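2 protein chains.
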Amino acid sequence: MALVVQKYGGTSVGSIDRIKAVAARVAKARDRGDRLVVVVSAMAGETNRLFKLASELTELPDVRETDALVATGEQVSAALLSIRLQGLGYPAVSFLGFQMNLATDSNHGRARIKSVQCDRVMRALDDGRIVVVAGYQGVNADGDITTLGRGASDLTAVALAAALKADACEIYTDVDGVYTADPNVCPKAKKLGRISYDEMLEMAGLGAKVLQLRSVELARRYNVPLVVRSSFSEAEGTWVGKEDQSMEDVLVSGVTLDQNQSKITIAGVEDRPGLAARIFGPIADAGIVVDMIIQNASADGRTDMTFTIGREDLPRTLDLTRRVANEIGATDVRHQDQTAKVSVVGLGMRSHAGVAARMFQVLANERINIEMIATSEIKVSVVVNSKYGELAMRALHDAFINGAATAAPDGLA
Amino acid sequence: MALVVQKYGGTSVGSIDRIKAVAARVAKARDRGDRLVVVVSAMAGETNRLFKLASELTELPDVRETDALVATGEQVSAALLSIRLQGLGYPAVSFLGFQMNLATDSNHGRARIKSVQCDRVMRALDDGRIVVVAGYQGVNADGDITTLGRGASDLTAVALAAALKADACEIYTDVDGVYTADPNVCPKAKKLGRISYDEMLEMAGLGAKVLQLRSVELARRYNVPLVVRSSFSEAEGTWVGKEDQSMEDVLVSGVTLDQNQSKITIAGVEDRPGLAARIFGPIADAGIVVDMIIQNASADGRTDMTFTIGREDLPRTLDLTRRVANEIGATDVRHQDQTAKVSVVGLGMRSHAGVAARMFQVLANERINIEMIATSEIKVSVVVNSKYGELAMRALHDAFINGAATAAPDGLA
Chain A
47 MALVVQKYGG TSVGSIDRIK AVAARVAKAR DRGDRLVVVV SAMAGETNRL FKLASELTEL
107 PDVRETDALV ATGEQVSAAL LSIRLQGLGY PAVSFLGFQM NLATDSNHGR ARIKSVQCDR
167 VMRALDDGRI VVVAGYQGVN ADGDITTLGR GASDLTAVAL AAALKADACE IYTDVDGVYT
227 ADPNVCPKAK KLGRISYDEM LEMAGLGAKV LQLRSVELAR RYNVPLVVRS SFSEAEGTWV
287 GKEDQSMEDV LVSGVTLDQN QSKITIAGVE DRPGLAARIF GPIADAGIVV DMIIQNASAD
347 GRTDMTFTIG REDLPRTLDL TRRVANEIGA TDVRHQDQTA KVSVVGLGMR SHAGVAARMF
407 QVLANERINI EMIATSEIKV SVVVNSKYGE LAMRALHDAF INGAATAAPD GLA
Chain B
47 MALVVQKYGG TSVGSIDRIK AVAARVAKAR DRGDRLVVVV SAMAGETNRL FKLASELTEL
107 PDVRETDALV ATGEQVSAAL LSIRLQGLGY PAVSFLGFQM NLATDSNHGR ARIKSVQCDR
167 VMRALDDGRI VVVAGYQGVN ADGDITTLGR GASDLTAVAL AAALKADACE IYTDVDGVYT
227 ADPNVCPKAK KLGRISYDEM LEMAGLGAKV LQLRSVELAR RYNVPLVVRS SFSEAEGTWV
287 GKEDQSMEDV LVSGVTLDQN QSKITIAGVE DRPGLAARIF GPIADAGIVV DMIIQNASAD
347 GRTDMTFTIG REDLPRTLDL TRRVANEIGA TDVRHQDQTA KVSVVGLGMR SHAGVAARMF
407 QVLANERINI EMIATSEIKV SVVVNSKYGE LAMRALHDAF INGAATAAPD GLA
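First to last, the sequence lines map onto chains A and B.
If you read the first sequence in the numbering used here, its first letter stands for residue 47, the second for the next number, and so on.
If you read the second sequence in the numbering used here, its first letter stands for residue 47, the second for the next number, and so on.
In short, the hints are calculated from the structure, not lab data.
Here the structure is a predicted model, which means the values were calculated and not measured.
Misleading hints may appear alongside valid ones.
No copy labels: a pair is met if it fits in one copy or bridges any two.
Below, a list of computed lysine to aspartate or glutamate pairs in the EDC-like style, where the Cα atoms sit at most 16 angstroms apart [claimed, not checked]:
| hint | residue 1 | residue 2 |
| --- | --- | --- |
| 1 | Lys66 | Glu105 |
| 2 | Lys98 | Asp63 |
| 3 | Lys66 | Glu102 |
| 4 | Lys211 | Asp165 |
| 5 | Lys433 | Asp378 |
| 6 | Lys160 | Glu263 |
| 7 | Lys433 | Asp383 |
| 8 | Lys236 | Asp444 |
| 9 | Lys237 | Glu280 |
| 10 | Lys237 | Asp220 |
| 11 | Lys74 | Glu436 |
| 12 | Lys288 | Glu263 |
| 13 | Lys236 | Asp213 |
| 14 | Lys433 | Asp222 |
| 15 | Lys74 | Asp151 |
Generate coordinates for the entire structure from the input sequences, incorporating the hints supplied.
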């Protein structure tokens with residue numbers, strides 16, 4: 047009898063009819079004999095509705111109260127799904143964050159899980175019940191409700207799967223798996239059957255929205271087998287797990303595109319130790335995440351520093367950067383609202399040289415100028431003008447995935 | 047520095063603008079120096095919306111899950127009010143049922159309060175905070191969320207006022223006090239300045255909807271001074287408290303009308319011991335509240351038994367009654383869908399005879415037939431045909447209140 051944690055996202059529980067469909071799916075798994083823990087998100091649109099109510103009351107709503115407010119979304123979904131399951135004759139019981147002591151720190155709005163007390167969940171499972179869990183929420187040491195950050199119902203599911211040593215964690219969503227690229231941009235994108243944690247991490251971090259980044263990290267740490275599936279079909283999904291030999295045979299597993307970036311350049315910075323810290327210290331203190339940082343080779347003792355950030359952070363970051371630029375005597379601060387980051391990801395890169403070179407050639411063939419480059423062990427990212435983002439993604443997908451599904455011999459590029 | 051518990055109903059917090067208005071009122075009380083605990087209901091319509099979602103999923107939604115579902119309504123209001131107060135610069139903190147261990151039994155949907163642990167509330171007050179409390183909800187010994195029944199945010203407020211030994215419990219609603227009759231029916235109805243717990247209890251039980259019955263009982267038991275006021279105006283409200291001599295001078299404090307009743311008669315019942323138990327046992331077991339019961343004097347060994355119930359219970363009660371009637375050999379079961387109960391209430395009745403007789407005379411003058419009569423120490427109720435309900439109310443109000451504000455000499459009727 048397998049112990050399975052299932053997680054259904056907001057679209058999957060977005061209406062009374064959708065909740066009925068989820069209940070039917072859960073019931074079917076139960077009929078197969080699985081022991082089930084089902085984690086649910088808020089009904090689609092509900093979390094935004096609640097955030098909006100708060101923002102209509104004041105500019106910066108208190109974070110503790112906002113958490114208590116938005117956590118109701120998942121509480122409603124969990125109760126409704128449990129009501130439906132019981133209406134169908136299946137014993138079900140819902141638990142909220144505080145009821146299973148899903149303990150977090152006190153960073154409201156983006157709390158980190160410290161521990162989960164599973165005995166009440168285990169007892170309910172032993173009693174033959176389907177356990178329905180409100181995702182996204184926990185409780186701090188004071189008994190205050192916390193939330194784990196946007197998309198964090200995935201995290202609740204993985205944390206429970208790890209704590210319960212579940213056989214699998216199934217993430218049900220509105221797409222039927224992880225694709226080699228966003229099918230809306232790349233019509234030729236293919237669904238992956240398997241992908242490694244590391245590749246999924248890179249892809250999640252690079253803008254593939256199918257799984258939340260932190261939940262993949264947690265799954266990797268505790269070796270939780272994840273599968274991403276559609277709640278709207280019976281199609282096989284994508285398994286995310288430990289890498290194996292066959293995975294390395296695939297040179298590039300996916301191509302991602304992030305259109306939500308802005309670029310800032312500080313020009314004419316005196317090239318001496320400590321300057322990067324002067325520039326990026328205040329930005330980090332403001333809680334702004336800097337993605338890529340490029341420093342050009344120094345000429346006549348002065349250099350240009352370019353970095354990218356999420357577009358929503360541009361006004362605040364520009365403000366901070368201009369202040370610092372003034373203090374350190376930089377000659378200019380330039381920025382570009384919209385840039386696109388295109389990346390190729392694949393375990394195969396580790397053992398095969400030439401992916402970056404081939405990538406640059408593909409983009410050159412399309413006459414797309416590369417503005418920044420960053421690489422890691424299993425990915426290469428480039429920043430290009432936003433208007434070429436989709437073209438770049440399609441060209442790279444054609445070259446690396448539709449053109450060459452498996453690793454090319456060294457040096458082919 | 048007075049400690050005041052304020053309670054705002056659903057209409058009072060029914061929109062973002064209304065929540066802002068409530069926050070402004072709370073802030074004003076705070077500026078006067080009061081220590082404040084503010085209990086809120088769900089935004090108007092929200093509780094019904096949640097019940098409806100559950101009922102769309104199954105016919106008889108599980109009660110534990112339904113409580114977890116509907117309790118979100120008050121959680122949202124409490125968080126929003128606290129967010130607004132903090133936005134205005136006032137330190138506020140919200141507490142849910144489980145966070146102040148408002149302990150109840152496990153009768154989901156109509157749980158009874160066992161205790162309230164006030165230390166966290168007191169600590170927050172001592173820290174100078176305004177404490178905002180989600181009404182209507184508690185937690186049972188297992189940590190499950192319970193609700194206290196419709197309108198029970200009043201009960202939360204009174205329970206907290208009792209536990210905190212508050213100086214007053216202010217119930218803010220959409221009317222500006224307790225009236226001698228429903229102003230919609232009796233344009234000449236007057237607002238009462240003061241009323242005793244006992245009179246308020248009778249009036250709440252008889253259909254005056256301004257205060258929840260159980261909360262008045264609790265206020266009487268713990269001697270909590272209540273005041274009913276409008277959240278939409280600055281008008282003085284109605285104080286509900288211990289009776290004093292001046293209250294007894296008023297013969298009749300109010301006239302109430304309950305149009306939501308049905309009447310059932312079992313005719314030709316053999317008049318022997320145990321029959322009433324046979325008839326009303328199954329009805330009580332089904333959780334149906336029987337209001338008035340009249341048994342006519344027996345003639346030739348057989349009698350008629352007539353009783354009233356809430357109209358929503360008519361189909362189930364008829365079904366049960368017909369079954370019993372068959373078993374005990376009654377000759378007939380008759381019913382009337384809509385009947386009206388009209389009552390006059392007043393402490394003065396204790397010491398002044400003749401109220402009932404005068405009431406019957408007033409109704410006779412209007413040619414209204416009385417179908418049933420019931421009396422208690424401080425009230426007289428009659429059941430009349432539904433279509434005469436409002437006329438009866440107005441006539442009695444004219445006679446007892448507009449005509450004679452204070453007690454008439456004995457025997458005037």
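Each hint tested on the structure:
1. In the homo-oligomer, the alpha carbons of Lys66 and Glu105 lie at most 16 angstroms apart only across protomers (14 angstroms), although the nearest pairing inside one protomer, at 38 angstroms, exceeds that limit.
2. For a Cα distance limit of 16 angstroms, the shortest separation of Lys98 from Asp63 across copies, 14 angstroms, qualifies, whereas the shortest one inside one copy, 25 angstroms, does not.
3. Taking the shortest alpha-carbon separations for Lys66 and Glu102, only the inter-copy value of 10 angstroms comes in at or below 16 angstroms, while the best intra-copy value is 33 angstroms.
4. Proximity of Lys211 and Asp165 under a CA criterion of 16 angstroms is satisfied intra-copy only: 13 angstroms inside one chain copy versus 39 angstroms between copies.
5. Taking the shortest Cα distances, Lys433 and Asp378 never come within 16 angstroms of each other, neither inside one copy (25 angstroms) nor across copies (85 angstroms).
6. Proximity of Lys160 and Glu263 under a CA criterion of 16 angstroms is satisfied intra-copy only: 15 angstroms inside one chain copy versus 45 angstroms between copies.
7. In the homo-oligomer, the alpha carbons of Lys433 and Asp383 lie at most 16 angstroms apart inside one protomer (12 angstroms), although the nearest pairing across protomers, at 72 angstroms, exceeds that limit.
8. With identical chains, the CA atoms of Lys236 and Asp444 are at most 16 angstroms apart within one copy only, with a shortest distance of 11 angstroms there and 82 angstroms across copies.
9. In this assembly of identical chains, the alpha carbons of Lys237 and Glu280 lie at most 16 angstroms apart only when taken from the same copy (14 angstroms versus 65 angstroms across copies).
10. For the identical chains of this complex, Lys237 and Asp220 are intra-copy neighbours only, at 14 angstroms inside a copy versus 58 angstroms across copies, given an alpha-carbon limit of 16 angstroms.
11. Taking the closest pair of Cα atoms, Lys74 and Glu436 never come within 16 angstroms of each other, the shortest separation being 40 angstroms inside a single copy and 57 angstroms across copies.
12. Only within a single protomer do Lys288 and Glu263 lie at most 16 angstroms apart by alpha-carbon distance; the minimum there is 12 angstroms, versus 64 angstroms between protomers.
13. In this assembly of identical chains, the alpha carbons of Lys236 and Asp213 never lie at most 16 angstroms apart, being 27 angstroms within a copy and 70 angstroms across copies at closest.
14. Within a single copy, Lys433 and Asp222 get their C-alpha atoms no closer than 28 angstroms, and across copies no closer than 62 angstroms, so neither meets the 16 angstroms cut-off.
15. Taking identical chains as interchangeable, the C-alpha atoms of Lys74 and Asp151 are never at most 16 angstroms apart, the minima being 37 angstroms within one chain and 35 angstroms between chains.
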